[in-house]
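Peer 1: The residues making up each chain are set out below.
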Amino acid sequence: MIPVAFDYQRVSSVDEALGLLATHGDEAKLLAGGHSLLPLMKLRLAVPSVLVDVGRLHDLSYVRDAGDHVAIGALTRHRDLETSELLAAQVPILAHVAGQVGDPQVRHRGTIGGSLAHGDPASDLPAVVLALGGTLVARGPGGERTIEARSFFEGFLQTALGPDELLTEIRVPKATIVGAAAVRNGTTGVALVNMGSTPLRASATEAALAAGASIGDAAAVAAEGTEPSGDLNASPDFRRHLATVLVRRALEEAAS
Amino acid sequence: MTVADAGVAGVVGTPMTRREDPGLLSGEARFVDDLVVPGALHVGLVRSPHANARIRSVDTSAAMALPGVVAAFSGADLRDEWAQPLPCAWPVTPEMLNPAHLPLAVEHARYAGDAVAAVVAESAYVAEDAAALVAVDYDVLPAVVDLEDAVADRALVHPELSTNTAYTWELTPEPEAVERAFAEAVHTVSERYVQQRLIPEAMEPRGVCVVPQPFGDEYTVYSATQIPHILKVMLGLSLGVAETKLRVVAPAVGGGFGSKLNVYAEELLCAALARRLKRPVRWNEDRTENAQATIQGRGQIQHIELAADGDGKIRAVRVRLLADMGAYLQLVTPGIPLLGAFLYHGAYDVPAYSFVCTGVFTTKTPTDAYRGAGRPEATYAIERAIDALAGKVGVDPAEIRRRNFIPREAFPYSSAPGLVFDSGDYEGSLGKALDLAGYDDLRAEQRARRARGSTRHLGVGLSSYVEMCGLAPSRVLASLNYSAGGWEAATVRILPTGTAQVVTGTSPHGQGHVTSWSMIVADKLGISPDEVEVLHSDTAVAPHGMDTYGSRSVSVGGTAVFLAAERVLTKARTIAAHQLEVAEEDLELSGGTFAVRGSPERSMALATIAFEAFTAHNLPDGLEPTLEASVTWDPPNFTFPFGTHVAVVEVDEETGRVDLVRYVAVDDCGEQVNPLIVEGQVHGGIVQGVAQALWEEAVYDQDGNLLTTTLTDYLVPSAAEVPSIEVGRTVTPSPTNPMGVKGVGETGTIAATPAVMNAVIDALAPFGVRDLDMPATPERVWHAIRGIGQEGRQ
Ligand SMILES: Cc1cc2nc3c(=O)[nH]c(=O)nc-3n(C[C@H](O)[C@H](O)[C@H](O)COP(=O)(O)OP(=O)(O)OC[C@H]3O[C@@H](n4cnc5c(N)ncnc54)[C@H](O)[C@@H]3O)c2cc1C
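Just so you know, the protein sequences line up as chains U and P, in that order.
Reminder that position 72 of the first sequence reads as 244 in our numbering, one-by-one numbering, no gaps.
Reminder that position 243 of the second sequence reads as 335 in our numbering, one-by-one numbering, no gaps.
Bound conformation, chain U alone:
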């Protein structure tokens, strides 16, 4: 449980970080809260030769009202999401879920950008941003681009980010309902954690709801089209079952 030797560079600007990424290519890894990356490095499942620490880019830590959406800096800690009054008022589901992540220590270190960029289907925040229909902002050598959450997650620990890109901002539409599912403008977004190699929208449930199905009927199809893996925690069958139960409960909570 000792990582392979690596160089460590702490940067004080996004440009500096991008410069280092450009120099070192996929030998380099960005380090934010380190709560996903360092465990992988200790198990030697990740072996970057350079760590670019963006953890002190305080400019990228914010939660701002941007009119129709809320803009969140990629380096915002889970704890700051959990306690944000703006989120509590405008996107309460995000504040609520951030408060469920790990324990206080984890929430004070982990960042929303790290959570999304890590691309772990078992993480909580990616599913929420997906359910909300969020947009991600990245900067790379060619400048800034935006990526829709639904096309961001490509596979297990794989995202649309290039090795030379840095996630700078997450934009989430205002959605006033609390619950594990998000409801906005009459459409309901439902996303699933750990039901495949990426976070997933429960599209069958969403379609059923759009067609006027009852919560019970819509939830019953929550696992449709998913291929969850089995591990020590649960078999694929059990995961599919849980998806229907938990989606139903989330919808009931959102509706009440």
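Take these hints with a grain of salt, some might be off.
[Said to hold, decoys possible] Only pairs whose alpha carbons sit at most 20 Å apart, straight line, appear in this in silico EDC-like list of lysine to aspartate or glutamate:
#1 P:484 to P:397
#2 U:214 to P:293
#3 U:214 to P:125
#4 U:214 to P:381
#5 U:214 to P:220
#6 P:337 to P:309
#7 U:214 to P:378
#8 U:201 to U:326
#9 U:214 to P:805
[Claimed, not checked] Now the in silico label distances, taken between C-beta atoms and shown as ranges:
#10 U:194 to P:809: 41 to 47 Å
#11 U:231 to P:795: 50 to 56 Å
#12 U:375 to P:494: 56 to 62 Å
#13 U:206 to P:284: 44 to 50 Å
#14 U:188 to P:308: 54 to 60 Å
#15 U:375 to P:280: 54 to 60 Å
#16 U:399 to P:224: 32 to 38 Å
Derived by calculation from the structure, the hints in this document are not laboratory data.
We put the CB at the ideal spot given by N, CA and C, even for glycine.
Using the hints provided, position chain P with the ligand relative to the given structure of chain U.
Peer 2: This is chain P with the ligand only, laid out in the frame that chain U set:
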């Protein structure tokens, strides 16, 4: 209470905060890995990735080429370092098979994690990199994972033994009585329970640092161990080094739970490498090695049968065990099931008894002592089985227990398996626990939920346990073929300046002996605990000791301290009487001062007496100078703590999730030296016991790979998972020792597992579920609910 009888204002019995804690909380306490040892080399171990494999070759050349690497060795390279293999001190039968176990495997790796090569480097980082560069060529052989499969000898762990059975140990005082009871029984219960393997995750993993001394071929061994004294003897034997050349120090040790009651390959390796390389050599375990290469606990398949009359009164208990030894016999591996062998009738008066245990080798990490060691297993079996009996007889679980308890008047109670239980009031503790829990209200709530078809099912589980601890009368250990005694040593001295000093042979690693022993001495001498220094865990300072395990420290080691303090006091009284020119009986001790009865102005403080004893200018004829006494106490019997725990769970029918919503514990450990420490032990023990029921399991795949090698997969609970524990107590002094104390280090773990499982099964009663393997994971519960069918619901 005896301590108060001594006539000294009592600090004993008060909830004093622990003297150890400031050092631990501020980071001042020094653990092995904190020791700064200039020039120390670091060992990295190459561990077999296979459960069973012949080692064809080991190539260390690439590792040796790495800058910073000093040496690299295969098992064959080091074969001649060992005067004896790793020790097993408990050959439970004369016929027991004990295959040689070397610190580095030479020809054969027998579990995934078995060390096959060692690299020595200038830093732990280089050592880790170098270990990865050692190339080992293996012939992979079939793994022997399943216990029932292992005993059938289809594949062998040690082919040279021609069997996987290490031993069979039997305890059947009157076989005909057992047969008769079963023949005449109105109700019988026959159950099979699986005790999954557990990983003792001490907060501090193991660590060892061996420092050769500048001259004299002497070595100081710093180890995160529970047993510096035993380790010293065993290191000497295995290395072929005279005991006089070894000093073992256990610095601050961050928990053990029995896992550090052992002599490990890495301890021998560091010592042998320090000898060979003539430099300090150290090694620290990481979490994954902790899972793979530190001993594991439990690992049994239990068959228990009860024969009862029409009222549910148990007439006989018959037990058959398969016990998983793992790949080798570690220090006390074979004896662990025997520590439970006498207790399968639990707190109940049972006239006929039969027990047989078969110890079986598997290609898995060796098992050994883990908090409770044999007693949690026994308690689990009887407490689950008696609930099954209640179901058959058609009475409440509380009632079946009342009908069977050893009655209060029966103590000292001679049990069918041959123990003498010291003291107890089992019905009293059950009653108190039921009151605290509001048992009748809980049952009413359960009925109401069932009636309204709630999907959150309430379950209430009882566990009325008794255990034997305070290891142990040396003669009893002899009768069990254990290779050592069970006494404990203590020295108490008053230094010339009046400070008291205690030297104890116990070796605390979280239990708070410094606090408790200073309270015992302070109470006796009438001084403040802060004026008592407690020295321990260093064989140069405390040469005699049997160390800390088996809830022995207060009832054996604490008693030795108590008796030594008493002797010091007797001598002090003699000196004071001499100098004050009165009879000893005319002196009264109060606040650390002897005064003449009736004329308090004629007095001598202990500090003054200590100084007089030190100068020896005016002592009675024939009295030796200095105020000091040493006592070695061999207890006449075990002590038998007991109690009743009540667990309340909610089971979510749809998700299978079990929530522990309340936990009530009424424990009786006799007199309590420090109730705060007692409560801490009870809390921690309970959480560990609950963890076996709900979360923890060392999972192996069919190839013998351990899958739970990190804390992501091996679910050790945190404070968030457990409710606030409601603690009650009763106090039934033990007649076995002058303080009336019993042990409390393991009671929580012993009691909690069956309480929780009984609660889960109680919650699932509407589904016809009668058994469930541990841990009761959501998926297992969900399958159990579905397996037996929704239609079965009442
Ligand atoms: C004990 C523990 C419990 C946890 N429990 C939970 C839980 O319950 N739920 C949950 O969802 N998560 C949980 N986590 C994960 C936690 O939320 C992580 O902090 C988070 O997933 C990653 O954020 P980070 O800032 O730590 O990222 P890092 O570990 O620093 O980085 C993760 C990955 O993202 C990349 N990266 C980081 N920032 C950026 C960026 N701005 N642009 C591009 N790439 C970037 C890194 O290069 C790396 O590949 C837990 C972690 C721990 C250690």
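Peer 1: All hints are to be evaluated individually against the structure, with a verdict given for each.
Peer 2: Hint check results:
| no. | hint | verdict |
| --- | --- | --- |
| 1 | P:484 to P:397 | holds (13 Å) |
| 2 | U:214 to P:293 | holds (18 Å) |
| 3 | U:214 to P:125 | holds (18 Å) |
| 4 | U:214 to P:381 | holds (13 Å) |
| 5 | U:214 to P:220 | holds (11 Å) |
| 6 | P:337 to P:309 | holds (7 Å) |
| 7 | U:214 to P:378 | holds (10 Å) |
| 8 | U:201 to U:326 | holds (18 Å) |
| 9 | U:214 to P:805 | holds (16 Å) |
| 10 | U:194 to P:809: 41 to 47 Å | holds (46 Å) |
| 11 | U:231 to P:795: 50 to 56 Å | holds (51 Å) |
| 12 | U:375 to P:494: 56 to 62 Å | holds (59 Å) |
| 13 | U:206 to P:284: 44 to 50 Å | holds (47 Å) |
| 14 | U:188 to P:308: 54 to 60 Å | holds (58 Å) |
| 15 | U:375 to P:280: 54 to 60 Å | holds (56 Å) |
| 16 | U:399 to P:224: 32 to 38 Å | holds (34 Å) |
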